[in-house]
Every structure is written in C-alpha cells, then in structure tokens.
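Here the protein sequences come in this chain order: A and B.
Using this note's numbering, the first residue of the first sequence is number 1342, and each one after it goes up by one.
Using this note's numbering, the first residue of the second sequence is number 569, and each one after it goes up by one.
Watch out, some of these pointers could steer you wrong.
27 Å max Cα-Cα, derived DSSO-like pairs, lysine-lysine [to be verified]: (1) A:K1393 / A:K1447; (2) B:K625 / A:K1447; (3) A:K1344 / A:K1410; (4) A:K1410 / A:K1447; (5) B:K638 / B:K625; (6) B:K638 / A:K1344.
Just so you know, these hints were derived from the structure itself, not from any lab.
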Amino acid sequence: DAKTTQPPSMDCAEGRAANLPCNHSTISGNEYVYWYRQIHSQGPQYIIHGLKNNETNEMASLIITEDRKSSTLILPHATLRDTAVYYCIVRVGYSGGGADGLTFGKGTHLIIQP
Amino acid sequence: DAGITQSPRHKVTETGTPVTLRCHQTENHRYMYWYRQDPGHGLRLIHYSYGVKDTDKGEVSDGYSVSRSKTEDFLLTLESATSSQTSVYFCAIRAFSGQSTDTQYFGPGTRLTVL
C-alpha cells in the first residue's frame, strides 16, 4: 500500500469548514483513498473513501486531485465533537481475500476551537 | 457502528491468567479482525477470520489464539497474559461496498490491563 503524509495537527474554529490534507504521491491506479478518525478512547470510525472522483456523504466530502497524488477531507461545519485524530489510508480495493489488515500512520490531530 | 459490540469493555487481570475477549456482530459479515493499539505502534493486526472456523494469523499473533464457532462471534484468547499485552483491543468487520471496494468498521474497544 502507498504511504501517506499528513500534518501532525491542525486547529479549526467551530462552525467553520475543516480541510484536512493528505499527500499520497506514490498511489497506484487501483488504490483507493480512505479516511478514518478516532475520537479519544473510541474505536476508529470510517468516514469516506474514493478512487478518483470527488465523494460526499453525510459526514464529509473527499476531494482527490486529478493526478491523485493528494486529497483533502472536508468537514463542512466542524463541531467540538469532530475533535479527533484523522487518518488517511491508501489501499487496494477488495482483493478477494487475505488478511488485508489496515495500517494507520500517525494521522492529523484536529482540534476544534470553540 | 455496523452492529459490533465488544465485551468486556475494561478488564484488569494478573500476569499468567487466561483472558478471553469477545466480539459480537449482528450483520452476518464473513470477515472479522482483532487489532491491538498501543502508543507509538498504531494499530496492529493480531488475527483475522474469513468464515466460521476459518482463521489466520496477523502481524502480532504470538501469545494469542482465536476461535470462531459461529458467524456472529469472534473470540480472542490470551492463554497466559503478560504485561506486554496491556493494550486496547479492537474488533473489526469487513463490509463490501460495490464491486471492488470494502470497508472495515470497528467496535468500541476493550481496554486490558495486565498487572
């Protein structure tokens, strides 16, 4: 799986959009970009994933650059409950079997300020 | 939350005692996983299961065993707990979305302390 680079920490004001960047310059054509977050003492929570088109769901939007070497996760109206560590992962889609364990890097600690 | 529960949520035990952690899912997913999470090491795969009675080792399986006698339950056993197994343990299931992607969903975790 390709490696990702994220800033270690970011601040965002409550109510504003939080934009979390991720660089994945070695991404392969069959690899997807996944985002998870982990709120303190809780299990990792899936947010969104995409291949090359922008994606949106009830939690967030994912913007992937045309060359797919970077992406941005957007939380449109951040709340205090969005304070968490956000992980960007690049991995092949369904491979048909095998362990396929997830590997999280250090992620970005997003702090929402009141 | 993909219908995943873990029990117990917290446990304190002594070195040398056996410990079993339970993961229960309600949505009939074939794949289930056990991870541990430690500061400085991130998330590491212990064991996984790809069906009833079908299990295999992950990255850090030494000292752990698993069993899956029915689809909904995946048990992780520490045969003789050691202090190095003090950790937070997460269970996950693998859900398939569309023709070529899948997503893992995690349980709430079990915090285990081995004294």
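Hint check results:
{"no.": "1", "hint": "A:K1393 / A:K1447", "in the structure": "24 Å, holds"}
{"no.": "2", "hint": "B:K625 / A:K1447", "in the structure": "24 Å, holds"}
{"no.": "3", "hint": "A:K1344 / A:K1410", "in the structure": "11 Å, holds"}
{"no.": "4", "hint": "A:K1410 / A:K1447", "in the structure": "19 Å, holds"}
{"no.": "5", "hint": "B:K638 / B:K625", "in the structure": "19 Å, holds"}
{"no.": "6", "hint": "B:K638 / A:K1344", "in the structure": "36 Å, violated"}
In summary, the structure is inconsistent with hint 6 from the numbered list given earlier, while agreeing with all the others.
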